[in-house]
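Visitor: Which chain is which? The protein sequence lines are B and Z, in order. Numbering-wise, the first sequence is residues 1 to 424 according to the working numbering. Numbering-wise, the second sequence is residues 1001 to 1450 according to the working numbering.
Think of the hints as simulated: they come from the structure by calculation, not from any bench. This structure is a prediction, so every number in the text was calculated from the model and none was measured. One or more hints might be untrue.
[Said to hold, decoys possible] Partial list, derived from the structure: chain B residues whose beta carbon lies under 10 Å from chain Z:
(1) Gly21
(2) Thr33
(3) Asp39
(4) Ser44
(5) Val174
[Stated by the list, open to error] Output of the computed footprint for chain B on chain Z, the stretches with three or more beta carbons under 8 Å from beta carbons of chain B:
(6) 1075-1085
(7) 1168-1179
(8) 1192-1202
(9) 1328-1335
(10) 1407-1421
(11) 1434-1447
[As the list claims (entries may be wrong)] Under the rule of at most 25 Å between Cα atoms (straight-line distance), these lysine-lysine pairs were calculated in the DSS-like manner:
(12) Z/Lys1171 <-> Z/Lys1257
(13) Z/Lys1008 <-> Z/Lys1025
(14) B/Lys132 <-> Z/Lys1116
(15) Z/Lys1171 <-> Z/Lys1120
(16) Z/Lys1272 <-> B/Lys396
(17) Z/Lys1014 <-> Z/Lys1272
(18) Z/Lys1189 <-> Z/Lys1116
(19) Z/Lys1120 <-> Z/Lys1008
(20) B/Lys22 <-> Z/Lys1003
(21) Z/Lys1003 <-> B/Lys400
(22) Z/Lys1171 <-> B/Lys396
(23) Z/Lys1184 <-> B/Lys9
(24) B/Lys132 <-> Z/Lys1189
(25) Z/Lys1385 <-> B/Lys396
(26) Z/Lys1212 <-> B/Lys16
(27) Z/Lys1431 <-> B/Lys400
(28) B/Lys396 <-> Z/Lys1099
(29) Z/Lys1196 <-> Z/Lys1171
(30) Z/Lys1431 <-> Z/Lys1014
(31) Z/Lys1099 <-> Z/Lys1212
(32) Z/Lys1257 <-> Z/Lys1008
(33) Z/Lys1094 <-> Z/Lys1116
(34) Z/Lys1066 <-> Z/Lys1341
(35) Z/Lys1171 <-> B/Lys400
(36) Z/Lys1362 <-> Z/Lys1398
(37) Z/Lys1431 <-> B/Lys23
(38) Z/Lys1272 <-> Z/Lys1189
(39) B/Lys132 <-> Z/Lys1362
(40) Z/Lys1184 <-> Z/Lys1003
We treat Cβ as the ideally placed atom computed from N, Cα and C, and that holds for glycine.
Here are the chains, one letter per residue:
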Amino acid sequence: MSDKRLTFKKRLHILKHHYRGKKMAPAFNALHTFLFAPDETTHSGSHVRAADDLKRTMNTVIMALIPVLLFSMFNAGYQHYSAINGFPSEFSLMNDFLTWDNFWIGIIKVLPLVVVSYGVGLVVEFIFAVIKGHEVEEGYLVTGMLVPLIVPIDTPLWMLAVAVVFGVVIGKEVFGGTGMNILNPALTIRAFLFFAYPTWMSGDKVWVYEAVERAGGPDAISGETILGYLAQNKGAEMSYSISDMFFGFIPGSVGETSTFLILLGGLFLIFSKIASWRIMLSAVVGSLVMGLIFNGVVDAGWIGETSKFYGLMSFDFWQHLIVGGLAFGIVYMATDPVTGAQTNRGKWFYGFFIGFLSVMIRVFNPAYPEGVFLAILLMNVFAPTIDHYVVRGNVKRRMKRLKNATILPKDSAGKANELHAETV
Amino acid sequence: MSKDIRIKKGLNIKLVGAAEQTTSKAVLSNVYAINLNDFHGVTPKMLVKQGAEIKAGEPLFFNKNKESMLFVSPVSGELVEIVRGARRRILSLKILADKEQTGVAHDLLNVESASKEEVKAYLLNGGCWPFIKQRPYDIIADPDANPKAIFVSGYVTAPLAADLNYVLQGKEKELQAAITALGKLTPGKVHVSVGKSENSPLADLNGAEIHKVSGPHPAGLVGTQINRVDPINKGETVWTVTPQDLVIIGELLLTGKFNAERIVALAGSSVKAPKYYTTKIGTEISTFLYGSGVEGDNFRVINGDVLTGTKSAPDGHLGYYNNTVTAIPEGDDYEFFGWNKPVFNKISATRALTFSWMQPNKKYELDTNTNGEHRAFVVTGMYEKVFPLDIFPMQLLKACMVKDLDEMEQLGLYEVAPEDFSLTEFVCVSKQPHQQIIREGLDLLHKEIG
């Protein structure tokens, strides 16, 4: 058995040398390194290296997304059948949720989104790698999984394909590829969809499978999100319980409904030291603070029940975390190391404002009561500025140290004084 | 008086193959070599011709940019070859050693009463000046500079590096002489650091401020200690000397002779019986490498420790500054699904299906595989966990890569040497060559500003 594997390994090794320097080398290498960790050795510097590479890092994020994906596949069916037949009066996880029928809807609706996202995105990545002659980088492994999870389930596949091409090219490759981009590529794709095809991205019909087709007919089904409901200020008692919201048995973008599983994914990412706990924690704090401010405004009686903001403003501050895409955004999007703040202190500010602005946009944006993706994109743009000020703080400290330096070399004292004069 | 330095950030890399504390005498080498790459930034100007007979301690060449800086031969014999590379650049000098060694004898210097200039001239003439390095730029110290302090790190945290407490035993007299002499060279202090819970021969030196250091690697790196005790500002210079070089300096001061003898740790998982050897600077590594036995034939010999050393052939020569030689397996093989399956036999700073965090005391047998390919910087916050200096490592690396001199200066490039980035390089998931980036940055800064 081992002989056979050796031959395969060797054959690929020979092919690698055959492709070296040729145009298709990046494409071959991408497939080769997918199967086998490369035989590269160190040359200088540290002769030994830690076990993890970028592939492993990205893979860890994907693993943290798998439970969310599986849940979303069941939830796709659950929301669909519940909208048609009515919600079960006594909910049973095994009988009502984890059923083959529900999962089948997931297979026919969610899986194609995943396939199109990866297929189109990776083709674009491969083309750019071949044109530019660099290796296929791993950034899209995570983006490709995030994209299907943050779109409405009824998003037409061709729209997704167009958006993915736009997002990968404009959101990433024009900046130089993985590691150089300013905006989160997955959110760029989402933003493109939102602005190019707004009717497919908001409203009350796109969140549940078949709601669009049945709209207007006698068997129309409703499937608005909780945020949509609150934004319309309907006032009547909401039909979803807190536990529905927390465990995710609600309509919404494909993968963002189950706060519980997102929380588990977040804890896994923090435990594995892949994602920044600073960003997650500060974003949660930021959203709670904004929620509290709005609750305070309502409690103080500054706006009445007739106000169009009343529904969302009076929504309990902590419940913002368990509806909509806030939790998903905080755990999987805000923590993107490339587009987020890169300094530890900067991460606190970056996260806080993401949470703060998400809830603010939620309340004040009448067209689309979901703010997290806009808040993250906005903070993506500000992240370098935040880092700049944090780094300047360090530089200032160094300059101050220079000013206070007591023992100056005798012959360089004059020089140092000049420097001092420059920096003051 | 002693002050404590406690380092929290860092990572101890525990490897199989630490040298056992027994010392053998290495077989005498026929040919000794001086590798010019050991002297970064030095343009050599030869003082002797090929074929000349030279004595131990006799100058071979000087630095063209600083003519007083002499480099001496570790042994007596015949200069058999001047190995040259492109554009006749000298790569190394080979000396065929005499059976009976003879050395140059200098007049003795009374260190206690000598002036700064006398000490300086004595060390320059005696060939011990190259042992004194300076920051900024991590090069051999400029004899005309006036360092604000001199640092000696006697605390070893690098993986598999020679245990200084062991190799310095019985050398207290030499160390004291060297410290007294160095004290004359700076208006500031001589800072010596020792392990907090260790019994170091350096602990009782007079004329130095002793610091007790604790914490994981890189607590033992002199750069970490400088950053904690007396960080370098723009326009300032700090000198550093390693303890094993202090011994040679001390011996020159006490006996008037340059004695290139050194106790070297031979370590690494490819060595069957890792231990210490008494040998000389420039010796062929094979004179003691095979004596301890090696595993297989696919191994790498490293002149120095695994994090900062240089790759060497088994028949290469011991570096001018090294007291450690490491041999570890080459990792030039593919690993099926190596990027996603659980990893139990390698060290990692994350817990991404890697399990070294579960066994913090386990010793690993790492090879030279990079465990991944070179990528752009993606992950953040990783370096900061193992980088205790008050510097932003990633931002500084990026400033060096884009050659932004202002940023390099402001972010603290004056304070660092490439070795300070050895751990960030180790944990880097993008497999960037940090030490090389910093070295190039320092060279550029030196050329443009220094």
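Visitor: With reference to the structure, classify each hint as holding or not holding.
Guide: Hint check:
With a cut of 10 Å, the hint placing B/Gly21 at the interface with chain Z is violated, because the nearest CB-to-CB distance is about 16 Å. A cut of 10 Å between beta carbons decides the hint on B/Thr33: the least distance to chain Z is about 6 Å, and the hint holds. Against a cut-off of 10 Å between C-beta atoms, the interface hint on B/Asp39 holds, since the closest Cβ of chain Z lies about 5 Å away. Residue-level restraint check for B/Ser44 holds (minimum Cβ-Cβ distance to chain Z is 6 Å; threshold 10 Å).
Because the closest C-beta pair between B/Val174 and chain Z is about 15 Å apart, greater than 10 Å, the hint is violated. A stretch counts as covered by a chain when three or more of its residues have a beta carbon under 8 Å from one of that chain; for the stretch 1075-1085 of chain Z and chain B the count is 0, and the coverage is violated. Coverage of the stretch 1168-1179 of chain Z by chain B is violated in this model, with 0 residues showing a Cβ closer than 8 Å to a Cβ of that chain against a need of three. Coverage of the stretch 1192-1202 of chain Z by chain B is violated in this model, with 0 residues showing a Cβ closer than 8 Å to a Cβ of that chain against a need of three.
For the stretch 1328-1335 of chain Z, the proposed coverage by chain B is satisfied: 7 residues have a C-beta within less than 8 Å of a C-beta in that chain, meeting the threshold of three. Residues of the stretch 1407-1421 of chain Z with a Cβ under 8 Å from some Cβ of chain B number 4, which satisfies the need for three, so the listed coverage holds. Counting residues of the stretch 1434-1447 of chain Z whose C-beta lies closer than 8 Å to any C-beta of chain B gives 3; at least three are required, and the coverage claim holds. Annotation: proposed proximity of Z/Lys1171 to Z/Lys1257 holds, straight-line Cα distance about 16 Å (limit 25 Å).
Pair hint Z/Lys1008 plus Z/Lys1025 does not hold up; C-alpha atoms about 39 Å apart against a cutoff of 25 Å. For the proposed pair B/Lys132 and Z/Lys1116, the alpha carbon gap of about 59 Å is over 25 Å, so the pair is violated. Taking the CA atoms of Z/Lys1171 and Z/Lys1120, the gap is near 22 Å; set against the 25 Å cutoff, the hint holds. Restraint check: the Cα-Cα separation between Z/Lys1272 and B/Lys396 comes to about 52 Å, which exceeds 25 Å; the hinted pair is violated.
Straight-line distance between C-alpha atoms of Z/Lys1014 and Z/Lys1272 comes to about 17 Å, which keeps the hinted pair within the 25 Å bound. Between Z/Lys1189 and Z/Lys1116 the alpha-carbon distance is near 14 Å, which keeps this suggested pair within the 25 Å criterion. The hinted pair formed by Z/Lys1120 and Z/Lys1008 fails the criterion: a straight-line CA distance of about 38 Å is larger than 25 Å. At roughly 59 Å between alpha-carbon atoms, B/Lys22 and Z/Lys1003 are farther apart than 25 Å, so this suggested pair is violated.
Of the pairs offered as hints, the one joining Z/Lys1003 and B/Lys400 holds, with about 24 Å between alpha carbons and a cut-off of 25 Å not exceeded. The hinted pair formed by Z/Lys1171 and B/Lys396 fails the criterion: a straight-line CA distance of about 44 Å is larger than 25 Å. Taken as a hint, the Z/Lys1184 and B/Lys9 pair is broken in the structure, with Cα atoms around 63 Å apart against an allowance of 25 Å. With a C-alpha separation of about 54 Å, the suggested pair B/Lys132 and Z/Lys1189 falls outside the 25 Å cut-off, and the hint is violated.
For a cut-off of 25 Å, the pair hint linking Z/Lys1385 to B/Lys396 stands: about 22 Å separates their Cα positions. Between Z/Lys1212 and B/Lys16 the CA atoms are separated by roughly 52 Å; this puts the pair beyond 25 Å, and the hint is violated. For the given pair, Z/Lys1431 sits about 35 Å from B/Lys400 by alpha-carbon distance, which is inconsistent with the 25 Å threshold. A hinted pair counts as satisfied when its Cα atoms are at most 25 Å apart, and B/Lys396 with Z/Lys1099 does not qualify at roughly 60 Å.
For the given pair, Z/Lys1196 sits about 20 Å from Z/Lys1171 by alpha-carbon distance, which is consistent with the 25 Å threshold. Of the supplied pair hints, the one linking Z/Lys1431 and Z/Lys1014 holds, its CA atoms being roughly 20 Å apart against a limit of 25 Å. Annotation: proposed proximity of Z/Lys1099 to Z/Lys1212 is violated, straight-line Cα distance about 44 Å (limit 25 Å). At most 25 Å may separate the alpha-carbon atoms for a hinted pair to count; Z/Lys1257 and Z/Lys1008 exceed this at roughly 42 Å.
The hinted pair formed by Z/Lys1094 and Z/Lys1116 fails the criterion: a straight-line CA distance of about 34 Å is larger than 25 Å. Annotation: proposed proximity of Z/Lys1066 to Z/Lys1341 is violated, straight-line Cα distance about 55 Å (limit 25 Å). The straight-line distance between the Cα atoms of Z/Lys1171 and B/Lys400 is roughly 41 Å, outside the 25 Å bound, and the hint therefore fails. This hinted pair does not check out: Z/Lys1362 and Z/Lys1398 have alpha carbons roughly 34 Å apart, beyond 25 Å.
Taking the CA atoms of Z/Lys1431 and B/Lys23, the gap is near 24 Å; set against the 25 Å cutoff, the hint holds. For the hint pairing Z/Lys1272 with Z/Lys1189, the CA-to-CA distance comes to about 43 Å; that exceeds 25 Å, so the pair is violated. With a C-alpha separation of about 43 Å, the suggested pair B/Lys132 and Z/Lys1362 falls outside the 25 Å cut-off, and the hint is violated. Distance hint between Z/Lys1184 and Z/Lys1003 is fulfilled; the C-alpha atoms sit about 22 Å from each other, no more than 25 Å.
The structure fails to meet hints 1, 5, 6, 7, 8, 13, 14, 16, 19, 20, 22, 23, 24, 26, 27, 28, 31, 32, 33, 34, 35, 36, 38 and 39 from the earlier list, while all remaining hints are met.
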